[in-house]
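Read top to bottom, the protein sequences are chains A, B and C. Following the UniProt record's numbering from start to finish, the first sequence increments by one per residue and tops out at 122. Following the UniProt record's numbering from start to finish, the second sequence increments by one per residue and tops out at 292. Following the UniProt record's numbering from start to finish, the third sequence increments by one per residue and tops out at 213.
Hint data in this document are derived by calculation from the structure and do not stem from the laboratory. Check each hint, because a few of them may be wrong.
Said to hold, decoys possible - Here are the simulated DSS-like cross-link-like pairs (lysine-lysine), alpha carbons at most 27 Å apart as the crow flies:
| # | chain 1 | residue 1 | chain 2 | residue 2 |
| --- | --- | --- | --- | --- |
| 1 | B | K15 | A | K53 |
| 2 | B | K127 | A | K42 |
| 3 | B | K95 | C | K205 |
| 4 | C | K150 | B | K104 |
| 5 | B | K129 | C | K205 |
| 6 | B | K173 | A | K9 |
| 7 | C | K10 | B | K15 |
| 8 | B | K95 | A | K45 |
| 9 | B | K15 | C | K6 |
| 10 | B | K127 | C | K144 |
| 11 | C | K209 | B | K42 |
| 12 | C | K6 | C | K205 |
| 13 | B | K95 | C | K6 |
Said to hold, decoys possible - Have a look at the derived ranges for each label pair, beta carbon to beta carbon:
| # | chain 1 | residue 1 | chain 2 | residue 2 | range |
| --- | --- | --- | --- | --- | --- |
| 14 | B | K20 | C | V106 | 33 to 39 Å |
| 15 | B | D25 | A | D26 | 44 to 50 Å |
| 16 | A | D26 | B | E232 | 48 to 54 Å |
| 17 | C | K147 | B | E232 | 43 to 49 Å |
| 18 | B | G58 | C | A28 | 51 to 57 Å |
| 19 | C | G116 | B | N125 | 29 to 35 Å |
| 20 | B | T17 | C | L153 | 49 to 55 Å |
| 21 | B | V165 | A | S100 | 48 to 54 Å |
| 22 | A | R97 | B | P246 | 26 to 32 Å |
| 23 | C | L153 | B | D164 | 46 to 52 Å |
Here a beta-carbon is modelled for each residue, glycine too, at the ideal position from N, C-alpha and C.
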Amino acid sequence: MIENLGEDKSIYLQISEMIEDEILRDILREEEQVPSTTELSKFYKINPATAAKGINLLVDKGILYKKRGIGMFVCEGAKDRIKEARRTSFYENYVKRIISEAKLIGIDKAELKKMIDETKEL
Amino acid sequence: MGTLSGKNITKTYGKDTVLKNVNIDIETGKIYGLIGRNGAGKTTLLSILTAQNPTTEGTVTLDGQPVWENEESLSHICYSREISQVTMFGPNTLKVKDYLSTGKAFYKNWDDDYAKELVKLFNINPKKKVSKLSKGMLSAVTIIIALASKADITILDEPVAGLDVVAREQFYKLVIEEYAQTGRTFIISTHIIEEAASLFEKVIIIDNGEIILTENTEELLARAYRVSGETEAVDLAVEGFKVYHPESIGRNKVVTVLAEEPVAGFGEDVQVEPVALQNLFYAMCVDERKEA
Amino acid sequence: MSELSKRSAKYYLIQGMQMMGIMVVLQAILCVEWFLMADDRNNLFDHIIRMVLMCGVMFMILFNLIYAVYGPNWLDSLVLSMGARRKDIFVGEIIKQFTYIILNTVVYLVISVTTGNNIWVPIIILAAVGAALAGAIGQVIGFKIKKYGKAYLFVIAIVAGCLGVFASLTTVLEIDLLGLLRNRVGWIIVIAVVLFGLFEFWSYKLGQKSMVM
């Protein structure tokens, strides 16, 4: 779980992304129960309506579903669905920034390519 | 239950106009934050909305019914304000338990068990005289009364003034819990804005006796930006927008922009950052002429 | 009677009884003091009874006055801040004061009749009427203090001073004040009731616009 909420994005978006991250990292598995909106709102000291908004966003995206009387659970196939969605926005959210910073400090394409080639992470 | 509405509220004390033609609608089932500088009129507005202070002009209604001296309306409202430690006749020798028992007598939905629980939680000695309480305990008593009243519309006037950070966090947790459980309406006025900002579904900003905005917190912050860069570039980028609190340092300028709607971008020549509620409030309400 | 009115009435009734409770404790303490201080052991009982009656009559008026003055700015303000209605507070103050006065009156009447001090009866009745009137005046003073500040307390001080001077004068000039009063009880009560009505009306008007301090 993220320690602190930042001010750069709407809180409900941060909540939904945080849950998505946990699903991607297998901290939350498919068919596992997710913290309730009350638990989330108490933990982050946010308005329960905001926590609910974040959860509902994930329900709309097909990432979570509700088991009546029990709570919210991770949908089957949620992990893949998240990966797919994030792929689409990867360029916009991450790559663009790298390119703009590289441009600012004078790193050319070749240097940038070299950095990526040499990384052992991917 | 419907809306608590104030229409065309004006309040004057002699020649002093404290509230000028204020219009406000409080929808039930939400947590509101009321922020404003000292003397902006927060307490006056709240005491007028709760019929504890008569208007000079204007009306206050709950669900269409006037609130003034109205048993039905009053039974839904609790306004817990700062308890005075001195009276005109000397120190306030009433005890905490006197306040609690008065609350029990007058608040229809008073939950005594909850009150006792909270008294223990905040470590208050109910037999202690109000004049002998520390600031923190005083705030705690107002919080206990507000929460235990179980009123549909609960208003707290600066409840965290005097509380240390641990007690403040405790308070926020209690409000969230209560709200999650009961959906009661809360209106909380505070000076400690940033901590509580994520609690407020809607925020009301009052300045100089006028309400300058009432809006969903998220939607408000979605259209607020901090634009910085070279002075000329900034001026160009923010042309046509409402700009607050411009600051300059060297060849750089920073401004706070509040647009009518979220803006896609301000161009490549400037840096744009989001604005925290506290900073937006500061930018909007700081008196440029008197700025320290 | 509406639910809120009932709750207000009950609250104020209890306040009146608590005031009486304080009175009883105070008198008890004073009795001990008189017992210890008395030099004439022969008529000790009668002496203490007379002291109790005399103090009781004075306290009835004085304490009712003081509590009435405290009302608008302090105790009633607290009740108002918790959602009470001004008209219920007005009625409540009357309930509180009358509870206090009636309890006092009954107790002292019983004491005076059972100890052969029947001459005190008209005095006690006058004191009760006086206390009620003092309460009504006290409320008005309380509202004025709320508005104009502590300066108004001087009004009470001056009035109390005048009464004191008046009382000592009558002693010096050997005017039997109590005797005079005893003979005109009827008239005094009528005037007092009229004044009471006027002051209560004034108090009601002031209360209608009152705000929480």
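Now the hints, each set against the structure:
Straight-line distance between C-alpha atoms of B:K15 and A:K53 comes to about 47 Å, which puts the hinted pair past the 27 Å bound. Taken as a hint, the B:K127 and A:K42 pair is broken in the structure, with Cα atoms around 32 Å apart against an allowance of 27 Å. Note on B:K95 and C:K205: the hinted pairing is violated, with a Cα-Cα distance of about 30 Å set against a maximum of 27 Å. Straight-line distance between C-alpha atoms of C:K150 and B:K104 comes to about 31 Å, which puts the hinted pair past the 27 Å bound.
Restraint check for B:K129 and C:K205: the C-alpha separation of about 33 Å exceeds 27 Å, so the hint is violated. Only pairs whose Cα atoms come within 27 Å are accepted, and B:K173 paired with A:K9 is accepted, the gap being roughly 23 Å. With a CA separation close to 41 Å, the supplied pair C:K10 and B:K15 exceeds the 27 Å bound. A hinted pair counts as satisfied when its Cα atoms are at most 27 Å apart, and B:K95 with A:K45 does not qualify at roughly 32 Å.
At roughly 40 Å between alpha-carbon atoms, B:K15 and C:K6 are farther apart than 27 Å, so this suggested pair is violated. Our distance criterion of 27 Å between C-alpha atoms is broken by B:K127 and C:K144, whose separation comes to about 32 Å. Between C:K209 and B:K42 the CA atoms are separated by roughly 20 Å; this keeps the pair inside 27 Å, and the hint holds. As the CA atoms of C:K6 and C:K205 are separated by approximately 22 Å, the hinted pair is consistent with the 27 Å bound.
Distance check on the hinted pair: B:K95 and C:K6 sit about 24 Å apart at the alpha-carbon level, within 27 Å; holds. Between B:K20 and C:V106 the CB atoms are about 56 Å apart, so this pair departs from the stated range of 33 to 39 Å. Distance hint for B:D25 and A:D26: a CB-CB separation of about 47 Å, consistent with the stated range 44 to 50 Å. Distance hint check: the CB atoms of A:D26 and B:E232 are about 51 Å apart, consistent with the given range 48 to 54 Å.
Distance hint for C:K147 and B:E232: a CB-CB separation of about 58 Å, inconsistent with the stated range 43 to 49 Å. Roughly 54 Å separates the CB atoms of B:G58 and C:A28, a value that falls within the hinted 51 to 57 Å. At roughly 49 Å, the beta carbons of C:G116 and B:N125 sit outside the given window of 29 to 35 Å. Checked against the hint of 49 to 55 Å, the C-beta distance between B:T17 and C:L153 comes to roughly 31 Å, which is inconsistent with it.
Checked against the hint of 48 to 54 Å, the pair B:V165 and A:S100 fails, with Cβ atoms roughly 39 Å apart. In this structure the supplied range 26 to 32 Å holds for A:R97 paired with B:P246, their Cβ-Cβ distance being about 28 Å. Checked against the given bound of 46 to 52 Å, the beta carbons of C:L153 and B:D164, roughly 38 Å apart, lie outside it.
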